[in-house]
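Q: Given two chains presented individually in distinct reference frames, assemble the corresponding complex, making use of the accompanying hints.
Here is how the chains run, residue by residue.
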Amino acid sequence: MRTLIVAEYVRDALESVRAAKTLGSDKVLLLAFGPTALEAENLSGLVDKVYALSSRNPESVYNSLRSIYEEEEPGLIIGVVSKNVKDALSRLAGAYDLPMSTEVVEVSVEGDSVKYRRGILSERAYSVEKVPMPAIILLNPRVFEPEEAKPGGEVVKLEEGNTRVKSIGISRKQLSGVKLEEAEIVVGVGRGFKKKEDLKLAFDLAELLGGQVGGSRPIAADFKWLPEDAWIGISGKRISPKLYMAIGISGAPQHMSAVMGSKVIVAVNKDKNAPIFKQADYGVVADLYQFLPILIKKIRERKG
Amino acid sequence: MGDIVVLLKAALNPEMVRSKPDGTLDQDAIPLKLSDIDRNAVEEAAKLKQRLGGKVIGIMVLTVGPVAKREKDLKMAVQEALAKGVDEAIVVADDRITPGDQVQTAKIIAEVIRSSSINPSIILASEATIDETTGQIPGRVAAKLGLPYISFVRSIEVAGNKVIAERDLEEELEKVEAEMPVVVSVTQEINQPRPPTLIQIRRAARKPQKRLGVDNVKHVIGTKRVILERRIVSINRKQQIIEGSNLEEIADKLIDVLEKEGVIKL
Ligand SMILES: Cc1cc2nc3c(=O)[nH]c(=O)nc-3n(C[C@H](O)[C@H](O)[C@H](O)COP(=O)(O)OP(=O)(O)OC[C@H]3O[C@@H](n4cnc5c(N)ncnc54)[C@H](O)[C@@H]3O)c2cc1C
Ligand SMILES: Nc1ncnc2c1ncn2[C@@H]1O[C@H](COP(=O)(O)O)[C@@H](O)[C@H]1O
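As given, the protein sequences belong to chains A and R, one line each in that order.
Note that the numbering used here numbers the first sequence so that position 290 is 290, with each residue one more than the last.
Note that the numbering used here numbers the second sequence so that position 108 is 412, with each residue one more than the last.
Bound-form chain R, shown alone (with noise of 0.2 Å):
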């Protein structure tokens, strides 16, 4: 078995969207995170790694700066990778890394893997990020190193130098096979991702991180995107809660005041 490679996002988290007073969207406002399904990617690179061996290496391009302002943010998410599961990790920060640009993302992510002394078996990422959720990195960076790509997987399995892995479609569940070297999303239903233990947590700090800019990297080049606005969707909602002595009393004033709304008839 060669590397598992797992592609990570510190992402901007939808939780805690935060605007400016004119509604517009204070992206410098809002904390990032390991992005949700990138834990199940974790997940499921230990879980392969456990069974087959292997080296887990995560890759981590910084696509939110200000560096400054987001190496706490950033170590959090690494910590939290290398505590889940991945043994080394490469993260490429650099102020002039275009925010959100994918075109550059993965041109950065398929040239750490092409010029460093990876040799993967299976490169897995997220069917989609929190923030960004378009789904098209793996894709993007499979293209890019000429590799078999499969896309929105629920379950993957190994045998041989073949990866047979269950893809989830809208209306059907589709099993395909390829050899390794293979790139394959993950969806959030593969597995349930656990805790880490205080062990795993204690072990994480010491293992190896390595940090690059985009002068390690060939080929980057600027963006073609322009972003015009940025606003967040207000929630203009009564946020009343029913209160009462029991929850008989709830009941009926819920009754009540759904009746009074019209959407109800009794």
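Only chain A is shown next, with the shape it has when bound in the complex (with noise of 0.2 Å):
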């Protein structure tokens, strides 16, 4: 079996060359874009070859693909989710008509199949699929441990080509650099709050207890109260803390399944009928504003 990788981050590269030789592919080629094509020398000793390309225009990307797809046929395409190679790979699925998968937690190989396990309906469920090669699938990060970069190996360069859509201007978000995955405690903000202001309410409780805060998706990447990288969910980050607080937040699945990890979840919420309620271990029915300083002053008491 041929298997074709492509990734834009080094880490998700080396990852899915772990990924490719557990599946047990006898010919491994990667399609190294972007920040990943910096590193092609180093990742080349790990892989029969190294296609380079500097570009991380997902159009370009794809037309890269579909030239290595038609020369090489491999029966397995891989990577890792992340959002430019998701694009490039739904062109080349269209394309040619390949099933796709997004989100793969567990693969494995039978015969010309590919089995793998994801989660659906915003992952209240799971589901065990299985498709003919060839195929692509795009595993969750960290799904498996990645590989040592090794040097020493072919790399060709690929030129970028003339693409439609063009890039016109970057500019980066402003990123905390909080590690909530690695976090103990974690106060999350939803959209109870009313100003961005009150969330100090939410960092005073994080502070005492030694936590880190973060939000809902709304909070976080629409309102921008937050920094993006402390947006939690399926499209954010997933946490398992020992203590997560949910101030304000509903329980939308979306929301939910990325904090299932934890080991207690407290919920804040007034409206008693919130969904939140039937996902937590305790919930205290109340106004955020009101509960808050209450919560805050008896602990500031307790430590003396």
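The hints are simulated quantities; they were obtained by calculation from the structure and are not laboratory data.
Some clues are possibly wrong.
[To be verified] Taking lysine to aspartate or glutamate and the EDC-like style, the derived pairs with C-alpha atoms no more than 20 Å apart in a straight line are:
#, chain 1, residue 1, chain 2, residue 2
1, A, Lys297, A, Glu197
2, A, Lys224, R, Glu474
3, A, Lys179, A, Glu207
4, A, Lys83, R, Glu475
5, A, Lys270, R, Glu474
6, R, Lys448, R, Asp405
7, R, Lys448, A, Glu70
[Claimed, not checked] Estimated spans, in silico, between C-beta atoms of each pair:
#, chain 1, residue 1, chain 2, residue 2, range
8, A, Gly304, R, Ile505, 42 to 50 Å
9, R, Glu319, A, Lys297, 30 to 38 Å
10, R, Ile539, A, Glu154, 48 to 56 Å
11, R, Gly327, A, Arg302, 22 to 30 Å
12, R, Gly517, A, Asp112, 52 to 60 Å
13, R, Arg418, A, Arg164, 16 to 24 Å
14, R, Arg400, A, Ser176, 45 to 53 Å
15, A, Lys297, R, Ile539, 54 to 62 Å
Predicted model, so just to flag it, every value in this text is computed and none were measured.
For every residue, glycine included, the Cβ atom is placed at its ideal position computed from N, Cα and C.
A: See the structure below:
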């Protein structure tokens, strides 16, 4: 079986190489684009051939993919989910009518088929499926351990070529660098907070408990009251702290599926029918503006 | 301005997952609704139309059958889209469509766009659905139609024959431009969908709807995907509401219980 890996980020490339080897590929090709293209030499000892494309434009990734696909006829095309990778591979899937599965958490090869497991229904359920090869499988991060980089193999440089969509400017997002996925205590804030300044209540609570503050998607991505690396959910960060305190969060599946690894979940919500109470260990039905100051005061008192 | 096409999915509602006694998913018992971010796509279509003119055409392929069982959900999803700004809906529903198979869905959508009298300037879809969440249909459709594709878009502007869009990447925002026609997938942040007014809801019932089966669509193949097992993820939480005669008492009880659980140390 031939495997083609597509990677924009180096860590994703290293995880995908491990996946390709574990799945029993006898030839492994790597299309390294964007930041990973700069590391092409360093990775080349791990695979049979690296194609290096310095562009990050998904259209030129797609064009490169098409020619490699035609030439090498891989049975498996794999990568780790990221936006540009998804974009480019969805086009390849469309062009050749290949089955494509994303956010895969388990994968194995059985004869001419690939079997895999993935979350469905915003991860409220999972599905085990099988498709014949050739097929595209995009793994969740950290399903496979990364390999160590190794230089010394063949690198083919690819040209960006003409694209119809042109990049006319890039700006970096303001990120805080907090590692919510490593925090032991996380205070999560939702739309129950009325203004950005009010988040101080959550920051005070988190500081007293030695925790970090994260938020629901609207708080981080839409209102931008928190940096985007504090966005918790299936399209943000997955967390598994000892304690998750969700304040003014309704309990949408896309948020809750990503916090289910928490040991204890506490919910504070003024609506006693909020779906979050069915997914929490301890619930407080109260207005956060009344409850949090009291909780903070009590914790301060006990800390002395 | 040509037509503005919006791709709409009647998706299984994850807030209403149901399982059989053995924990396997009871898909037939889960209702469908218009997928969340498709509402943002409709809203964006309505806004583009307001500025530029054109007609908003919604295309929906029912991928969760059997059709007879899903008529009511399907009708509600279509009505919602029509009330929120779609001018005309094309619905493909047929028991021969394999549930949830993206190869087939994309083929049908591309074929409908190619073979009807649609003249798209922009084809809008959402970044991901609430049931499959794969984010692959718009890219597939773009490749099939040979159109440029701009994914994960947080804002769109149209200037002359060009679309200028901001893409939302992991750590950057990227501004891109392309000539129309173009396929665009939008994120939830692109706008705040407005609830429809009473007049819009009333008008929706009179807007044209076309119903197609697979016989109206060429080249539709069977699925390659076999579903082996679908199970619900069980949530085992204590679900204990902390009660008390006042908030002070509740706060004390909460601190006690968290200390007992060993998750906080004061
Ligand atoms: C494909 C897809 C991916 C998504 N990914 C994510 C994701 O990664 N993360 C994410 O979070 N969301 C995600 N979402 C969005 C998700 O569906 C919800 O819209 C979102 O989580 C809701 O955020 P919220 O709970 O803060 O707001 P709301 O749902 O508006 O809830 C606010 C809650 O606050 C309560 N409240 C209001 N005032 C007070 C008060 N004074 N005191 C106490 N409580 C109060 C209300 O009762 C309500 O329950 C995604 C959606 C889709 C479709
Ligand atoms: N069956 C369908 N009919 C029409 N549009 C669809 C269908 N499935 C997906 N789409 C469109 O593609 C987007 C992404 O879907 P998905 O690839 O399933 O995550 C959806 O939000 C819709 O805009």
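Q: Each hint needs a verdict: does it hold in this structure or not?
A: For each hint, the structure was consulted:
1. Among the hinted pairs, A:Lys297 with A:Glu197 is consistent with the structure: their alpha-carbon atoms are about 19 Å apart, no more than 20 Å.
2. For the given pair, A:Lys224 sits about 15 Å from R:Glu474 by alpha-carbon distance, which is consistent with the 20 Å threshold.
3. Restraint check: the Cα-Cα separation between A:Lys179 and A:Glu207 comes to about 15 Å, which is no more than 20 Å; the hinted pair holds.
4. A hinted pair counts as satisfied when its Cα atoms are at most 20 Å apart, and A:Lys83 with R:Glu475 qualifies at roughly 11 Å.
5. Between A:Lys270 and R:Glu474, the direct Cα distance comes to roughly 33 Å. Violation of the 20 Å bound is thereby established for this hinted pair.
6. For the proposed pair R:Lys448 and R:Asp405, the alpha carbon gap of about 16 Å is at most 20 Å, so the pair holds.
7. A threshold of 20 Å between alpha carbons decides the hint, and for R:Lys448 with A:Glu70 the separation of about 17 Å falls inside it, so the pair holds.
8. Distance hint check: the CB atoms of A:Gly304 and R:Ile505 are about 59 Å apart, inconsistent with the given range 42 to 50 Å.
9. Evaluation of the 30 to 38 Å hint for R:Glu319 and A:Lys297 yields a pass: the beta carbon distance comes to about 36 Å.
10. As the Cβ distance of R:Ile539 to A:Glu154 is approximately 50 Å, the hint placing it in 48 to 56 Å holds.
11. Our hint of 22 to 30 Å for R:Gly327 and A:Arg302 is violated, since their Cβ atoms are close to 42 Å apart.
12. Taken as a hint, the range 52 to 60 Å is violated for the pair R:Gly517 and A:Asp112, whose Cβ atoms sit roughly 32 Å apart.
13. Between R:Arg418 and A:Arg164, the C-beta spacing of about 19 Å keeps the proposed range 16 to 24 Å intact.
14. The given range of 45 to 53 Å is respected by R:Arg400 and A:Ser176, whose C-beta atoms sit roughly 51 Å from each other.
15. Distance hint check for A:Lys297 and R:Ile539: the Cβ-Cβ separation is about 32 Å, which falls outside the suggested range of 54 to 62 Å.
Going through the hint list in order, the structure does not satisfy hints 5, 8, 11, 12, 15.
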